[in-house]
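Participant: Sequence:
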Amino acid sequence: MPDPSTTRLGMYKSASDGSENVSYTLDIGQNLDKLDAAAGFQVVTSGTRPSSPYSGKPIAESDTNYRTYFANGTSPASASWVQIPNSSSTFNADLDLTSGKQINVGGSGSTAAYAALLSSATSDYILSSRVGADSVNRLALRADGRIELGSGSATADTNLYRSSADLLKTDDSFEVGANLAVTGNATVTGNLSVTGIGARTFVRKTADETVTSSAAYQDDDHLTVAVVSGAVYKVEGYIVYQTVSAAGINLKLTGPTGTGLWTFFTVSVSAGSADSGAVRTAPGSNGSGTAYLGGAGTNMSAMLRGTFLPTASGNLQLAWSQNASNGTGTIVRQNSWIELTRVA
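Using the numbering used here, the letters of the sequence shown correspond one by one to residues 953 to 1296.
No wet-lab data here; the hints were simulated from the structure. All values reported here derive from a predicted model rather than from experimental measurement. C-beta: ideal position from N, C-alpha, C; glycine also. Misleading hints may appear alongside valid ones.
Claimed, not checked - Have a look at the derived ranges for each label pair, beta carbon to beta carbon:
| no. | residue 1 | residue 2 | range |
| --- | --- | --- | --- |
| 1 | LEU1047 | THR1135 | 38 to 46 Å |
| 2 | LEU1119 | ALA1178 | 27 to 35 Å |
| 3 | ASN1137 | SER1081 | 33 to 41 Å |
| 4 | ILE1055 | GLY1097 | 15 to 23 Å |
| 5 | LEU1049 | ASN1137 | 42 to 50 Å |
| 6 | ILE980 | ASP1048 | 41 to 49 Å |
| 7 | VAL1034 | SER1014 | 13 to 21 Å |
| 8 | SER1041 | SER1081 | 20 to 28 Å |
| 9 | LYS986 | SER1014 | 16 to 24 Å |
| 10 | GLU1127 | THR1074 | 25 to 33 Å |
| 11 | ILE1055 | PHE1154 | 52 to 60 Å |
When you get a sec, could you build the whole thing from the sequences and use the hints?
Facilitator: See the structure below:
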């Protein structure tokens, strides 16, 4: 009876007690074939892996750009293959590092990190990502820390980078969806747009507007400001007007439902005019509380101060008219303005 076959290659061994003649086919031919197949990595396909590999058996798959594996001896054999990374193929498994170990590309990092990438130039890209059929990167990270972002179909259009010591900068617009807190000085070289607390909305009258022979209120053509339900606004304004004493001007604010108080008061009634004291500054509320300002036929001005708490979103609107219908036109001048600051 033959001796047990070898444990790794399963080569045939004739009986060691001399009771069996040596067979070329069994003892030499087949064993040589097994030795030849076991030399180095056995080239197979992903569908023809050995069915009974020994522990440590190496293979390379010709149909996957030569992914390389070794068998770890577990059962079943189909679950025993462990992939070995190589530069010929794409790696098709998770690659796990022990905590505290590092992946180094180009050289180890000077600070503790799980991945350390050493490049030769600050403009080298060290990380990028795409989605599906993107033609260019959606995200790219340069060696100098600059982050570039785009749509995936065109050159990156936004960025974020270190401009100088202690200064983070973008060359594009920046929007904060929640709260923004600034504990030091804020410097803005372009436009600043805030939609929450601290938002300031400024509207300026871009042309003179005239009303003749009408004591009916009409909405100003330019001085309209959008408000948001639930907010609290500080209201300010500067109205330049011209009217004769027989006409005067009535001013009020109208808008969505809400509460608030505001006052129009003069700052430059012409001294000695017949209406120099004809100024009513009692606080008004939404759509009421008209302020009547007299006139002397020359440019005069009124200041606006107050608060508004809308319970619905809409527009806060300056409305005005002649106090008494008169054929001499009452004018609200270009560059008058209203500004709202959201304070809550």
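Participant: Could you run down the list of hints and mark each one as holding or not?
Facilitator: Status of each hint after checking the structure:
1. Checked against the hint of 38 to 46 Å, the pair LEU1047 and THR1135 passes, with Cβ atoms roughly 42 Å apart.
2. A hinted range of 27 to 35 Å holds for the C-beta pair LEU1119 and ALA1178, which are about 34 Å apart.
3. Separated by about 35 Å at the C-beta atoms, ASN1137 and SER1081 satisfy the suggested range of 33 to 41 Å.
4. Look at ILE1055 against GLY1097: about 19 Å separates their beta carbons, and that is inside 15 to 23 Å.
5. For the pair LEU1049 and ASN1137, the beta carbons lie near 44 Å from each other, so the given range of 42 to 50 Å is met.
6. Against the hinted window of 41 to 49 Å, the Cβ-Cβ separation of ILE980 and ASP1048 comes to about 45 Å, which satisfies the hint.
7. At roughly 19 Å, the beta carbons of VAL1034 and SER1014 sit within the given window of 13 to 21 Å.
8. A hinted range of 20 to 28 Å for the beta carbons of SER1041 and SER1081 is consistent with their spacing of about 22 Å.
9. Separated by about 21 Å at the C-beta atoms, LYS986 and SER1014 satisfy the suggested range of 16 to 24 Å.
10. Against the hinted window of 25 to 33 Å, the Cβ-Cβ separation of GLU1127 and THR1074 comes to about 28 Å, which satisfies the hint.
11. The given range of 52 to 60 Å is respected by ILE1055 and PHE1154, whose C-beta atoms sit roughly 53 Å from each other.
Consistency note: the structure conflicts with none of the earlier hints.
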